[in-house]
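If you read the sequences in order, they're chains R and S.
Mapped onto the numbering used here, the consecutive letters of the first sequence carry residue numbers 1 to 107.
Mapped onto the numbering used here, the consecutive letters of the second sequence carry residue numbers 1 to 122.
A portion of the hints provided could be inaccurate.
[Unchecked claim] Distance ranges between label pairs, derived from CB positions:
(1) R/80 - S/75: 36 to 46 Å
(2) S/103 - R/42: 22 to 32 Å
(3) S/63 - R/8: 20 to 30 Å
(4) R/107 - S/3: 29 to 39 Å
No lab work stands behind these hints: they were computed from the structure.
We put the CB at the ideal spot given by N, CA and C, even for glycine.
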Amino acid sequence: IVLTQSPDTLSLSPGERATLSCRASESLTASYLAWYQQKPGQPPRLLMDGPSSAATGTPDRFRGSGSGTDFSLTISRMEPEDFAVYYCQYYGTPPVTFGGGTRLEIK
Amino acid sequence: QIQLVQSGAEVKEPGASVRVSCKTSGYTMITMGVTWVRQAPGQGLEWLGRISPYNIDTDLAQKFQDRVTLTTDASTSTGFMELRNLRYEDTAVYYCAREAYCSGGTCFSDHWGQGTLVTVSS
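Chain R with its partners taken away, still in its complex shape (with noise of 0.2 Å):
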């Protein structure tokens, strides 16, 4: 399966919302679909564990929605610390993949 995210880079300014995609080659029907956030020389962190399913400690303003081939992850008010870049993760069947990523840059 194969993760197409875009945009690749997102230019936004504090307090704004960002809205990142992520497309599957087919039908995710068990909707094994993750997010990820990487901050530069971090390991990433996972944010969704479900396609609507936020991980502990993942703030409100993150919100995921999707199904079957389109996926989203939406930050309602961009804080400082969310400028980081976010990987798509489709899991359950091997191979696990990942999406090339979205990074969020601040305008």
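Take the given structure of chain R and dock chain S to it, following the hints.
Relative to chain R, chain S alone:
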């Protein structure tokens, strides 16, 4: 608290092998899977493979099936990833991660090691 602590940076010549360790604490390692992911400089995440709970099976990405071996040592709560016949393009940060339990096979990774930089250079 749950921790995964990886071994230090390595520099290897092309054709050599590298073994990265991942010592876990704060949970019983054998009851959860261990996943390995790498990230080349400035690039995205690439899944190498995983070893399932109780070492029942190992799943590897097709491109690594003949070069990667994943093992665990329950007595020391440590996982290992060996990559053989190193190439320049294997230069990357290698991460281990704890794999949560999902009924469908592999699962998301909820705790990660700090990463190990492997540099392949002559």
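Quick rundown of the hints versus the structure:
Our hint of 36 to 46 Å for residue 80 of chain R and residue 75 of chain S holds, since their Cβ atoms are close to 44 Å apart. Range check, residue 103 of chain S to residue 42 of chain R: about 30 Å between beta-carbon atoms, so the 22 to 32 Å window is met. Hint check: residue 63 of chain S to residue 8 of chain R, Cβ distance near 24 Å, so the stated range 20 to 30 Å holds. For residue 107 of chain R and residue 3 of chain S, the hinted distance range of 29 to 39 Å is satisfied, since their beta carbons lie about 37 Å from each other.
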